[in-house]
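For the protein sequence lines, the chains are A and B, in the order given. Counting in our numbering, the first sequence runs from 7 upward without gaps. Counting in our numbering, the second sequence runs from 11 upward without gaps.
Keep in mind the hints are simulated off the structure, nothing from the lab. Predicted, not measured: the structure shown is a model, and the values here were computed from it. Beta carbons are placed, not taken as given, at the ideal position from N, Cα and C, and that holds for glycine. Errors might be hidden in some of the hints.
Simulated coverage check for chain B against chain A, where a stretch passes if three residues somewhere in it have a Cβ under 8 Å from a Cβ of chain A [to be verified]:
#	stretch
1	52 to 64
2	106 to 119
Taking lysine-lysine and the DSSO-like style, the derived pairs with C-alpha atoms no more than 30 Å apart in a straight line are [what the hints assert, rightly or not]:
#	chain 1	residue 1	chain 2	residue 2
3	A	Lys15	B	Lys78
4	A	Lys47	B	Lys67
5	B	Lys102	A	Lys24
6	B	Lys91	A	Lys15
7	B	Lys102	A	Lys59
8	B	Lys78	A	Lys25
9	A	Lys15	B	Lys86
10	B	Lys119	A	Lys25
11	A	Lys47	B	Lys102
12	A	Lys42	B	Lys102
13	A	Lys47	B	Lys78
14	A	Lys47	B	Lys119
15	B	Lys86	A	Lys25
16	A	Lys28	B	Lys86
17	B	Lys91	A	Lys44
18	B	Lys67	A	Lys25
19	A	Lys46	B	Lys119
20	B	Lys78	A	Lys59
21	B	Lys67	A	Lys24
22	A	Lys46	B	Lys102
23	B	Lys91	A	Lys46
24	A	Lys46	B	Lys86
From the derived model, a few chain B residues whose C-beta atoms are all more than 10 Å from chain A [to be verified]:
#	residue
25	Ala22
26	Glu24
27	Gly25
28	Arg76
29	Leu122
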Amino acid sequence: DTEVTQTPKHLVMGMTNKKSLKCEQHMGHRAMYWYKQKAKKPPELMFVYSYEKLSINESVPSRFSPECPNSSLLNLHLHALQPEDSALYLCASSQEGQARGNEQFFGPGTRLTVL
Amino acid sequence: GQNIDQPTEMTATEGAIVQINCTYQTSGFNGLFWYQQHAGEAPTFLSYNVLDGLEEKGRFSSFLSRSKGYSYLLLKELQMKDSASYLCAVIKLTGGGNKLTFGTGTQLKVEL
């Protein structure tokens, strides 16, 4: 299984809602990532988890709260978002350690619209 | 800081060869990836370079010069399905996950 799955595929939420994005992989990868991608722009790193511990937070606002319940799952909890947070949210996973061959495998993304 | 540049758009003809360039200035370098991304889909891995030189993989080849901070992706025998965004990305090992920084992306359009 070389697949990263994400749910939901699409999400529309109001600025006062609380929602969660979910990501799952069964490749035995111990590093998992959240990216944000705006239209016609490259993905921007938000968070990195290594061995279920948050290792990188790229100065992301606290209205985004990541969680890694176990080595296969990664969540992104959303609360009080702004319309400018509308974007494609991509999850990825990779092996830890040496970079050679440790490409990041991306999920299909969640298209988020904040009204 | 991180600065990774690519041409914004390129157009090529079916069956032809196209070269997409990427220049980078980054703090830390442990390799360079090329990804392909079709509209609305996830990026998919194309190639990886960590040493200088050319890596060939079917219709796709990627070249790296670390001293020049330069890479290119060469696509041969272009097909219509190659119309997509091509992203170069520099990887940096942090000891806690691998930090991937993407370039600006090149939108390639393949025409008949």
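Status of each hint after checking the structure:
1. 52 to 64: Result for this restraint: holds, n = 6.
2. 106 to 119: holds (count 11)
3. A:Lys15 / B:Lys78: Violated, because 41 Å separates the two Cα atoms, which is more than 30 Å.
4. A:Lys47 / B:Lys67: holds (26 Å)
5. B:Lys102 / A:Lys24: It is violated: about 34 Å lies between the C-alpha atoms, which goes past 30 Å.
6. B:Lys91 / A:Lys15: holds (23 Å)
7. B:Lys102 / A:Lys59: holds (18 Å)
8. B:Lys78 / A:Lys25: Not satisfied, since the Cα-Cα distance of roughly 45 Å exceeds 30 Å.
9. A:Lys15 / B:Lys86: violated (34 Å)
10. B:Lys119 / A:Lys25: violated (37 Å)
11. A:Lys47 / B:Lys102: Since the Cα atoms of lysine 47 of chain A and lysine 102 of chain B sit roughly 21 Å apart, the hinted pair holds (cutoff 30 Å).
12. A:Lys42 / B:Lys102: With Cα atoms ~19 Å apart, lysine 42 of chain A and lysine 102 of chain B stay inside 30 Å; holds.
13. A:Lys47 / B:Lys78: holds (25 Å)
14. A:Lys47 / B:Lys119: Holds: lysine 47 of chain A and lysine 119 of chain B sit about 17 Å apart, inside 30 Å.
15. B:Lys86 / A:Lys25: violated (44 Å)
16. A:Lys28 / B:Lys86: violated (38 Å)
17. B:Lys91 / A:Lys44: Within the cut-off at roughly 23 Å; holds.
18. B:Lys67 / A:Lys25: This hinted pair is violated, its Cα atoms lying about 42 Å apart.
19. A:Lys46 / B:Lys119: It holds: about 14 Å lies between the C-alpha atoms, which stays within 30 Å.
20. B:Lys78 / A:Lys59: violated (36 Å)
21. B:Lys67 / A:Lys24: Judged against 30 Å, a Cα distance of about 45 Å means the pair is violated.
22. A:Lys46 / B:Lys102: Since the Cα atoms of lysine 46 of chain A and lysine 102 of chain B sit roughly 24 Å apart, the hinted pair holds (cutoff 30 Å).
23. B:Lys91 / A:Lys46: Judged against 30 Å, a Cα distance of about 19 Å means the pair holds.
24. A:Lys46 / B:Lys86: Cα-Cα ~25 Å, so holds.
25. Ala22: The claim stands: alanine 22 of chain B keeps its Cβ more than 10 Å from every Cβ of chain A (closest is about 19 Å).
26. Glu24: The assertion about glutamate 24 of chain B holds, with a minimum of 24 Å to chain A.
27. Gly25: holds (27 Å)
28. Arg76: holds (14 Å)
29. Leu122: holds (24 Å)
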